[in-house]
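Using the hints provided, position chain B relative to the given structure of chain A.
As they're listed, the protein sequences go chains A and B. For the first sequence, my numbering assigns the number 1 to the initial residue and increments by one for each residue that follows. For the second sequence, my numbering assigns the number 1 to the initial residue and increments by one for each residue that follows.
Mixed in with the good hints there might be a few duds.
Claimed, not checked - With a straight-line Cα cutoff of 25 Å, these simulated SDA-like cross-link-like pairs (lysine to any residue) come out: (1) B:Lys191 <-> A:Val245; (2) B:Lys191 <-> A:Gly244; (3) B:Lys191 <-> B:Glu202.
To be verified - Short, incomplete list of chain A residues facing chain B, as computed with Cβ under 7 Å: (4) Val55; (5) Gly56; (6) Leu195; (7) Phe199; (8) Ala203; (9) His207; (10) Arg210; (11) Val217; (12) Gly238; (13) Val245; (14) Asn246; (15) Ile249; (16) Val275; (17) His277; (18) Val313; (19) Pro317.
Said to hold, decoys possible - Chain B regions said to be covered by chain A (calculated; three or more residues, Cβ under 8 Å): (20) 32 to 44; (21) 96 to 106.
The hints are simulated quantities; they were obtained by calculation from the structure and are not laboratory data. Glycine is no exception: its CB is placed at the ideal position from the N, C-alpha and C atoms.
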Amino acid sequence: MTGPSSGDADRASGAAGSVRSEQVPGDIAFHPDGRERKTWTSDLSVAEAAAVRRVGMIPKGFVMGTAVMQLAALGGQAFGQWGGLAGPQLGVGGGFSESYPCAHSYSLGGSVGFGGNVGPNQEHYGFSIEDTVLAASLTEGYRLALERLHDEAIQLGAHGVVGVALFFENLVGSTGTATFFARGTAVVHGGTAPLPSPFLTNASGQHFERLIALGYVPSAMAVGVGSVYVQPNCQARGDFTVPGVNRQIPAAISVARSRARAALAAMAHRMGEGVVHTEWTDRRVSRYAESWDQLAVAVGTAVRRYSAEALPVNPRPVLPLRP
Amino acid sequence: MEAALAGLRRPFVPGDQTTFLSDLTVGELVLLEEIGYRPVDIVSGVGTASWNPQFTTAATEGNMWGRAIATAIDHARSGILEELRSRQADGVVAMRFELERERANLLTCTMLGTAVRSPHRQPADGQPFATTLTARDFHLLVRAGYEPTGIVIGVSVVGFAARSVSQSLGLARDNVELGDQTTALYAAREKAMEMMEHEAGELGADGVVEVQLQERPVNALLTHAVEFIAVGTAVRRAAPGHQALGPEFQLTLDDPPDVTFRDG
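Pulled out of the complex, with its shape left as it was, chain A reads as follows (with noise of 0.2 Å):
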């Protein structure tokens, strides 16, 4: 996810034939901060700085990568209005897919009611199905920031950036657009070469230093994106007339989590033998009337066991007496 090398990989392992190449921004020529830095900056605390001091690093320099995208989503808006009509075809194309027929027994094809003569009630109907264009929309805005972000690492030859926020947020432009951010603060290990490729941790300095003593070192950080577009029918949209257990809401959480889990973990698995410090966002996105899309977003870091022998810690239990 972090270097250039690894770039073509995480492109090719994100959803396949949803990013073209050549509307990627990555392949602008683009010139990350190239101005003459005068003296170190770094966003890090007091207590940070001195904790990755402690460990024989200095602050470098800030470091940021940004970069503005276009979100792709399945389907447009057509789903929200049409999409019952394609019930029966769901799922043709790969990947998770499930149906909902309407939960009034009016509208399950019978004699009773309105409609039951011709088929589902189109209001009632729901349906949920993994939307991979928007994940992978979403883990090459991440994936560019990052990249931008260890260039700018690279050109001061820095050891690794520790702190590194990574999100997305709607700033420029309108919607369906998002502004992707990596940024944190690089840092160096006085005397010694730089390496292959500086290391990226979304760790805080204190968290840092903690995981050297622990006998692991950061690698990179790992992203892991999934999404589900639900049409709900009309008992994932609350009908007070059909209470009960719903299996619609949980099925497009669960499937959306399974999915950044599984990215996450494929991404781990190329980088290192662990992921610590996962942030977790399950989010809605609204699209089209009462339909939204389910995303979960797992951001981490990968890390690497450098020794066996982590230093005992055995912490204190202490009372604090206030005054």
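Quick look at chain B alone, frame taken from chain A:
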């Protein structure tokens, strides 16, 4: 640090290594490794249910309403336990437990946390545990000689009589207790705690810690009820029994926080 950087200099060849996933901070990871637990994977569970308020009011127990809430939480709990079994994990810690209310009476319960495993744990029933405890509290619990047995819940909805218009107007001038509503709250609390204790008993627990309560009066047209939800972690004494932690008293020399520039 030289050794750590040298580790990064060596080419990493992905092989058959088992990559663990965790949403633990490094501090939490340290606390768990100290008591012999290692992260395995991130696990989750989700449950959703809705209910019809049934125009719940006096002498009407919101059984269907209460059962729906309990079902949503139970489905999430069952889901996360199922994932724990599939990964041969001992339990889940530092779990996010969220109850989200949506339109109408739709409640979604989500759980997400890090599955952990210990080579030393030998539970009598061989079942994994779920807990609402943070990694720090789990560390303290284990060091104090206890072990979690599972998440336990209690849910109850009890209706109460609506005040008539004349009552409302009449009572507005008086400083009196609304007995029906106080009684309903007591009844809801009793029933919820009874359910929680029953669940703890079935898990063979000695007690329940960190019980979190959520009570919500619902006053709407033809619906007057109080909803009471209790969620906690059932625990039992491990074989060696209670271990005194002997905390050290600490008197900080810091000044109180400066309140001059508080927001707002």
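A quick look at each hint next to the structure:
Restraint check: the Cα-Cα separation between Lys191 (chain B) and Val245 (chain A) comes to about 22 Å, which is no more than 25 Å; the hinted pair holds. Distance check on the hinted pair: Lys191 (chain B) and Gly244 (chain A) sit about 22 Å apart at the alpha-carbon level, within 25 Å; holds. Among the hinted pairs, Lys191 (chain B) with Glu202 (chain B) is consistent with the structure: their alpha-carbon atoms are about 17 Å apart, no more than 25 Å. Restraint check, Val55 (chain A) versus chain B: the minimum CB separation of about 5 Å is within 7 Å; hint holds.
The interface hint given for Gly56 (chain A) holds, since its Cβ lies 4 Å from the closest Cβ of chain B, which is under the 7 Å cut-off. This hint holds: Leu195 (chain A) has a C-beta 5 Å from the nearest C-beta of chain B, less than the 7 Å allowed. Interface restraint check for Phe199 (chain A): the shortest CB-CB distance to chain B comes to about 6 Å, inside 7 Å, so the restraint holds. Hint on Ala203 (chain A) holds. Least Cβ distance to chain B is approximately 6 Å, under the 7 Å limit.
The interface hint given for His207 (chain A) holds, since its Cβ lies 4 Å from the closest Cβ of chain B, which is under the 7 Å cut-off. Against a cut-off of 7 Å between C-beta atoms, the interface hint on Arg210 (chain A) holds, since the closest Cβ of chain B lies about 5 Å away. Taking 7 Å as the C-beta cut-off, the interface hint given for Val217 (chain A) holds, the closest approach to chain B being about 4 Å. Below 7 Å, beta-carbon pairs count as interface contacts, and Gly238 (chain A) has one with chain B at about 3 Å; its hint therefore holds.
Residue-level restraint check for Val245 (chain A) holds (minimum Cβ-Cβ distance to chain B is 5 Å; threshold 7 Å). Taking 7 Å as the C-beta contact cut-off toward chain B, the hint placing Asn246 (chain A) at the interface holds, the least distance being around 4 Å. The interface hint given for Ile249 (chain A) is met, as the beta carbon of that residue sits about 4 Å from the closest beta carbon of chain B, less than 7 Å. Interface hint status for Val275 (chain A): upheld, as the beta-carbon distance to the closest one in chain B is roughly 5 Å, under 7 Å.
Because the beta carbon of His277 (chain A) sits about 6 Å from the nearest beta carbon in chain B, less than 7 Å, this interface hint is met. A least Cβ separation of about 5 Å between Val313 (chain A) and chain B falls short of the 7 Å threshold, and the interface hint therefore holds. The interface hint given for Pro317 (chain A) holds, since its Cβ lies 4 Å from the closest Cβ of chain B, which is under the 7 Å cut-off. Figure legend: the region 32 to 44 of chain B, annotated as covered by chain A; annotation consistent (6 residues with Cβ-Cβ distances under 8 Å, at least 3 required).
With 6 residues bearing a CB less than 8 Å from a CB of chain A, the region 96 to 106 of chain B meets the requirement of three and the coverage assertion stands.
Consistency with the previously given hints is maintained throughout, with no hint failing.
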